[in-house]
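Quick note, my numbering runs 27 ahead of the 1-based positions in the sequence shown.
These aren't lab readings, by the way, just hints derived from the structure by calculation.
Note that this is a predicted model, so its numbers are computed, not measured.
A hint or two may mislead.
Unchecked claim - Calculated lysine to aspartate or glutamate pairs in the DMTMM-like style (CA-CA distance at most 20 angstroms, straight line): (1) K96 to E57; (2) K128 to E116; (3) K128 to D157.
What the hints assert, rightly or not - Label pairs and their calculated CB-CB ranges: (4) Y124 to G165: 25 to 31 angstroms; (5) I137 to D76: 28 to 34 angstroms; (6) E121 to R153: 19 to 25 angstroms; (7) L115 to N159: 28 to 34 angstroms; (8) E144 to D76: 33 to 39 angstroms; (9) K90 to D138: 23 to 29 angstroms.
C-beta: ideal position from N, C-alpha, C; glycine also.
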Amino acid sequence: MTVDFNELLDAFEFVSSVGIGENTAFLCKETGKIYWHSDWADDVEEIPDIEDSEEYIRIPEKKELDLGKPLVLKFARHHLPDDSDRVLEIFSREGAYARFKDLLEHRHAIDRWYAFERKATEDALRAWCDDNDIEVSG
């Protein structure tokens with residue numbers, strides 16, 4: 028079974044788009060079909076019984092792949108070294124991403140951040156696929 032990487036990436040972004048556990052997605056390892064669920068909307072399709080089934084694997088969230096604060100701090104160390112301490116301070120309080128993006132805009136680094144984040148996300152998701160014996164296309 029091969030899974031289209033863009034579909035997997037869409038599911039990953041869906042799962043990571045809200046609070047932990049509010050959106051979930053499961054991949055059927057036999058068919059490659061992805062099942063989506065949101066606490067905020069009626070399901071379009073019924074999710075099969077996945078309890079104790081090795082046939083299904085839950086799509087991870089951003090934090091599970093270290094794509095949250097650790098990624099931001101890595102970016103700051105490499106691309107904004109003079110602001111590293113400031114970024115660390117920003118992420119010690121609520122509302123960090125909005126303040127971080129304000130700093131990126133001020134430093135004209137927002138495009139670099141988005142490219143860095145996109146590459147890190149793709150790399151981490153492909154590594155997750157390798158770790159779980161999931162073959163991807165695209």
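The hints, checked one at a time:
1. The hinted pair formed by K96 and E57 fails the criterion: a straight-line CA distance of about 34 angstroms is larger than 20 angstroms.
2. The straight-line distance between the Cα atoms of K128 and E116 is roughly 14 angstroms, inside the 20 angstroms bound, and the hint therefore holds.
3. Our distance criterion of 20 angstroms between C-alpha atoms is broken by K128 and D157, whose separation comes to about 32 angstroms.
4. Against the hinted window of 25 to 31 angstroms, the Cβ-Cβ separation of Y124 and G165 comes to about 28 angstroms, which satisfies the hint.
5. The given range of 28 to 34 angstroms is broken by I137 and D76, whose C-beta atoms sit roughly 44 angstroms from each other.
6. Between E121 and R153 the C-beta distance comes to about 32 angstroms, which lies outside the given range of 19 to 25 angstroms.
7. For L115 paired with N159, a C-beta distance near 32 angstroms keeps the hint of 28 to 34 angstroms intact.
8. Separation of E144 from D76 is about 35 angstroms and conforms to the stated range, judged on CB atoms against 33 to 39 angstroms.
9. Take K90 and D138: their Cβ atoms lie about 24 angstroms apart, and the range 23 to 29 angstroms holds.
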